[in-house]
Each structure stands twice: as C-alpha cells, then as structure tokens.
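Student: The residues making up each chain are set out below.
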Amino acid sequence: SQTIHQWPATLVQPVGSPLSLECTVEGTSNPNLYWYRQAAGRGLQLLFYSVGIGQISSEVPQNLSASRPQDRQFILSSKKLLLSDSGFYLCAWRRLRGANVLTFGAGSRLTVL
Amino acid sequence: DAKTTQPNSMESNEEEPVHLPCNHSTISGTDYIHWYRQLPSQGPEYVIHGLTSNVNNRMASLAIAEDRKSSTLILHRATLRDAAVYYCILKPYGGSQGNLIFGKGTKLSVKP
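Protein chains in written order, with the working numbering: chain X, 73 to 185; chain Y, 5 to 116.
Calculated from the structure, these hints are not laboratory results. Since the structure is predicted, the reported quantities are computational estimates derived from the model, not experimental observations. One should not assume that every hint holds.
Residues of chain X placed beyond 10 Å of chain Y at every Cβ, according to the derived structure [stated by the list, open to error]: (1) Leu116; (2) Leu118; (3) Ser137; (4) Thr175.
Distance condition first, Cα-Cα at most 20 Å in a straight line; then the derived EDC-like pairs of lysine to aspartate or glutamate [unchecked claim]: (5) Y:Lys115 with Y:Asp86; (6) Y:Lys111 with Y:Asp35; (7) Y:Lys7 with X:Asp157; (8) Y:Lys111 with Y:Glu15; (9) Y:Lys108 with X:Glu131; (10) Y:Lys115 with Y:Asp35.
We put the CB at the ideal spot given by N, CA and C, even for glycine.
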C-alpha cells in the first residue's frame with residue numbers, strides 16, 4: 073500500500089533562517105506531488121506541484137522554492153524565512169492518471185519568530 | 005475552475021445523520037464532485053467523489069442533484085470523530101495536473 077511521510081512534524085525557526093521540509097512517498101511510482109500551505113484559520117493554498125523529477129510548477133510567487141530530486145521525494149525550501157511563512161505545510165500525492173484523489177501527509181507546522 | 009458554496013459551520017448530535025450541502029451552480033459536464041475532510045491538526049483526507057449518480061462508500065454517501073447544481077454529503081451516523089472541516093471541490097477528470105482548489109469548507113461540530 074502507498075504511504076506518504078513528511079518531516080519534521082513541527083519546526084520553530086527565526087526570521088531569516090533557511091528552511092527545508094521533506095516529503096517522500098512509498099508504494100507507487102511516478103506520482104504527481106504537491107505542496108500546500110494552510111495559514112491559521114484559512115483554507116489550503118496550493119504552492120507547488122510536480123509531475124516528474126526536476127519538473128516543478130509554482131502556483132504563487134513567494135519566498136519558497138521546491139525541488140524533486142528523486143521520483144518519490146519532494147522538498148520545500150527557503151533561503152530566508154519571513155514571518156508570513158508561518159503555517160501548516162502539507163505534502164500530497166496522486167496517481168499520474170486517473171481520478172483526482174489526493175493523499176495528504178500528516179503535515180509540518182512551521183512557526184517563524 | 006467552477007466555484008462551490010458551503011455553509012461555514014454546522015452542528016450535529018452524535019449517532020444522528022448529517023447532511024452537508026454544497027452548491028455548484030456553474031458546474032460543467034466534465035466536473036467531478038469531490039469531498040475531503042480535515043480533522044484538527046491533520047492533513048485532509050479523501051471522503052468520496054462522483055459525477056452524476058449517487059455514490060456510497062464505507063465513510064459516507066454522496067447524493068447529487070439531477071441537474072448537478074448541488075450535492076449533499078451524508079454521514080449516516082455521526083460520531084465525535086467526524087468533527088472536522090468538510091470541503092466540497094469540483095475538478096474535471098484528470099485535467100490540469102489535478103490541482104484541487106480547496107475553499108473554506110464547512111466546519112462540522114458533533115455534540116455527544
């Protein structure tokens with residue numbers, strides 16, 4: 073069966089520090105991968121998606137970047153965090169073809185101080 | 005993408021059925037209706053989806069209006085674990101890299 077892992081689960085970082093959140097998927101190949109962010113009390117905002125290794129599409133301009141160095145690995149990064157980067161970051165995957173059923177990870181809660 | 009409208013919040017009593025409405029008057033013929041739910045401090049989880057016919061699975065039922073301009077997610081017996089935010093989302097089958105756009109959803113509270 074397929075599983076998705078995200079880490080770290082929680083993170084407190086000072087403004088201006090770098091960020092790296094990692095997501096890996098097991099039990100499937102060539103998945104579509106997604107990063108969403110949920111600010112406190114708000115809906116989910118799609119940040120990045122990837123349909124293959126090295127292929128990244130950005131949905132909104134921001135202080136963050138994403139990379140997909142391996143088929144089942146998706147990394148969210150920042151060189152210098154802003155206060156506004158605080159939030160709940162969620163990785164998700166779905167099969168390349170078929171119904172749009174997303175499976176989400178448990179999330180990474182980032183607090184920037 | 006077509007827009008959905010849901011109530012901000014609803015309340016239910018434990019062990020009673022819950023009907024969560026969703027309006028999508030601008031739905032197109034190729035849009036599937038998806039429902040996800042998000043428990044507190046967790047990622048969203050898939051609940052159910054359908055196109056025209058009513059659908060049932062182990063979690064819930066989805067009733068789709070004949071004109072497809074509205075749908076209802078039915079939880080047959082609410083439990084305390086069903087307290088969550090429920091999202092109704094439209095998306096064409098397989099299209100546009102499957103980018104599901106989540107709105108604010110309906111926050112369901114379940115009273116014991």
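Student: Hint by hint, note whether the structure agrees.
Tutor: Checked hints:
1. The claim that leucine 116 of chain X is not at the interface with chain Y is violated, since a C-beta of that chain comes within 10 Å of its own (minimum 4 Å).
2. Chain Y draws leucine 118 of chain X into its interface by the beta-carbon criterion, the shortest separation being 6 Å against a cut-off of 10 Å.
3. Here serine 137 of chain X stays apart from chain Y, with its beta-carbon at least about 18 Å from theirs, past the 10 Å limit.
4. The Cβ of threonine 175 of chain X sits about 7 Å from the closest Cβ of chain Y, inside the 10 Å cut-off, so the non-interface label is violated.
5. Using a Cα cut-off of 20 Å, the hinted pair lysine 115 of chain Y and aspartate 86 of chain Y holds, with the two alpha carbons roughly 11 Å apart.
6. Using a Cα cut-off of 20 Å, the hinted pair lysine 111 of chain Y and aspartate 35 of chain Y is violated, with the two alpha carbons roughly 24 Å apart.
7. Our distance criterion of 20 Å between C-alpha atoms is broken by lysine 7 of chain Y and aspartate 157 of chain X, whose separation comes to about 27 Å.
8. With a C-alpha separation of about 8 Å, the suggested pairing of lysine 111 of chain Y with glutamate 15 of chain Y holds against the 20 Å cut-off.
9. A threshold of 20 Å between alpha carbons decides the hint, and for lysine 108 of chain Y with glutamate 131 of chain X the separation of about 18 Å falls inside it, so the pair holds.
10. Restraint check for lysine 115 of chain Y and aspartate 35 of chain Y: the C-alpha separation of about 34 Å exceeds 20 Å, so the hint is violated.
In this structure, the hints that do not hold are numbers 1, 2, 4, 6, 7 and 10, in rising order.
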